[in-house]
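Those sequence lines, one after another, are chains E and L.
Basically the numbering used here = 1-based index in the first sequence + 25.
Basically the numbering used here = 1-based index in the second sequence + 14.
Accuracy of the hints is not assured; some may be wrong.
Okay, derived cross-link-like pairs now, SDA-like style, lysine to any residue, Cα gap no bigger than 20 angstroms in a straight line [stated by the list, open to error]:
| id | chain 1 | residue 1 | chain 2 | residue 2 |
| --- | --- | --- | --- | --- |
| 1 | E | K51 | E | P33 |
| 2 | E | K51 | E | H82 |
| 3 | L | K92 | L | D71 |
| 4 | L | K25 | E | G65 |
| 5 | E | K81 | L | N115 |
| 6 | E | K94 | E | L73 |
| 7 | L | K85 | L | A44 |
| 8 | E | K81 | L | E116 |
| 9 | L | K76 | E | K81 |
| 10 | E | K51 | L | Q55 |
| 11 | L | K92 | L | A81 |
| 12 | L | K25 | E | S64 |
| 13 | E | K51 | L | K25 |
| 14 | L | K25 | E | R66 |
| 15 | L | K76 | L | Q31 |
Across the chosen pairs, the derived CB separations fall in these ranges [stated by the list, open to error]:
| id | chain 1 | residue 1 | chain 2 | residue 2 | range |
| --- | --- | --- | --- | --- | --- |
| 16 | E | R66 | L | G99 | 21 to 31 angstroms |
| 17 | E | S127 | L | Q64 | 36 to 46 angstroms |
| 18 | E | R105 | L | D65 | 33 to 43 angstroms |
Here chain L is said to cover these stretches of chain E; the calculated rule only asks that three of the stretch's residues, wherever they fall, bring their Cβ under 8 angstroms from a Cβ of chain L [to be verified]:
| id | segment |
| --- | --- |
| 19 | 66 to 72 |
| 20 | 93 to 101 |
| 21 | 116 to 123 |
Hints were generated in silico from the structure; no laboratory data involved.
Using N, Cα and C, we set each Cβ at its ideal position, and we do this for glycine too.
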Amino acid sequence: SQQGEEDPQALSIQEGENATMNCSYKTSINNLQWYRQNSGRGLVHLILIRSNEREKHSGRLRVTLDTSKKSSSLLITASRAADTASYFCATDTGRRALTFGSGTRLQVQP
Amino acid sequence: EAEVAQSPRYKITEKSQAVAFWCDPISGHATLYWYRQILGQGPELLVQFQDESVVDDSQLPKDRFSAERLKGVDSTLKIQPAELGDSAMYLCASSFGQGRNEQYFGPGTRLTVT
Numbered sequence: 026s027q028q029g030e031e032d033p034q035a036l037s038i039q040e041g042e043n044a045t046m047n048c049s050y051k052t053s054i055n056n057l058q059w060y061r062q063n064s065g066r067g068l069v070h071l072i073l074i075r076s077n078e079r080e081k082h083s084g085r086l087r088v089t090l091d092t093s094k095k096s097s098s099l100l101i102t103a104s105r106a107a108d109t110a111s112y113f114c115a116t117d118t119g120r121r122a123l124t125f126g127s128g129t130r131l132q133v134q135p
Numbered sequence: 015e016a017e018v019a020q021s022p023r024y025k026i027t028e029k030s031q032a033v034a035f036w037c038d039p040i041s042g043h044a045t046l047y048w049y050r051q052i053l054g055q056g057p058e059l060l061v062q063f064q065d066e067s068v069v070d071d072s073q074l075p076k077d078r079f080s081a082e083r084l085k086g087v088d089s090t091l092k093i094q095p096a097e098l099g100d101s102a103m104y105l106c107a108s109s110f111g112q113g114r115n116e117q118y119f120g121p122g123t124r125l126t127v128t
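Kindly generate the complete structure, drawing on both the sequences and the hints.
Structural data, given as structure tokens:
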């Protein structure tokens, strides 16, 4: 079973626009991570946010975490065609390996 | 930059045949994971190793799947016999473990069972 659920399932934007995707989860977590997957490839770790953090930045990425709502969001600013990929949130509850959501498929039109 | 290696990248096999996948994690990573990813879904854990020991194989279909990491380095995942429903991407990942659990993924093996 998958704990995290991303929203929307698919997103299409123009280059230069911002992309926002959301993740909701069900149980308490130690941290939440976001990964990117290009078509037919392995996943690449983007950013980790701990349960006691509310916001984190890495380059054009901004992640927020609201543990009271059990939700997180990933914002990609000034998107590029190369950002086209699937994005997954993954939760670490400390009890077993990461549990991944079903992903958001982002298409950035040049 | 160190990477997780997997082979083969693609495998086509007939149902009831045996198939094996190999993974070489990043040097120094104690924790190794095998995931299965069905098209359009997120990865789901099959088995997790800490060094050579299995720490979680609760989602591994043990009647047909087996995994080993004999020397605590590289790992093999086997399916015997393969079924049509096993068609998926099989991903290997590794991490330092012990609280540093950002995972590094290999390119995956795309399995098609006919």
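Given the proposed pairing of K25/L with G65/E, does the C-alpha separation stay at or below 20 angstroms?
holds (14 angstroms)
If you draw a straight line from the CA of K25/L to the CA of S64/E, is it 20 angstroms or shorter?
Judged against 20 angstroms, a Cα distance of about 17 angstroms means the pair holds.
request  = With a cut-off of 20 angstroms on the C-alpha distance, tell me whether K51/E and K25/L pass.
outcome  = violated (36 angstroms)
Holds or violated: K92/L to A81/L, with C-alpha atoms at most 20 angstroms apart = holds (6 angstroms)
Q: Mind checking the hinted window 36 to 46 angstroms against the Cβ distance between S127/E and Q64/L?
A: Since the Cβ atoms of S127/E and Q64/L sit about 27 angstroms apart, the hinted range of 36 to 46 angstroms is violated.
Discussion item. Given a hint of 21 to 31 angstroms, does the C-beta separation of R66/E and G99/L actually sit inside it?
Written reply: holds (23 angstroms)
Restraint check for K51/E with P33/E, where alpha carbons must lie at most 20 angstroms apart:
holds (17 angstroms)
Q | Holds or violated: K51/E to Q55/L, with C-alpha atoms at most 20 angstroms apart | A | OK: K51/E and Q55/L at ~18 angstroms, within 20 angstroms.
Just to make sure I understand the rule, a stretch counts as covered if three or more of its residues have a C-beta closer than 8 angstroms to a C-beta of the chain. Does the segment 93 to 101 of chain E meet that for chain L? With 0 residues in contact (Cβ-Cβ under 8 angstroms with chain L), the coverage given for the segment 93 to 101 of chain E is violated.
- Message: Holds or violated: K51/E and H82/E, Cα atoms, limit 20 angstroms.
- Response: The given pair, whose Cα atoms are some 24 angstroms apart, is violated under the 20 angstroms limit.
- prompt: Regarding the pair K94/E and L73/E, is the alpha-carbon distance no greater than 20 angstroms?
  reply: Given that 20 angstroms is the threshold and the Cα spacing comes to 18 angstroms, the pair holds.
message: Checking one constraint from the list: CA of K81/E to CA of E116/L, max 20 angstroms. Satisfied?
response: Judged against 20 angstroms, a Cα distance of about 16 angstroms means the pair holds.
When held up to the earlier numbered hints, the structure conflicts with 2, 9, 13, 17 and 20 and fits the remainder.
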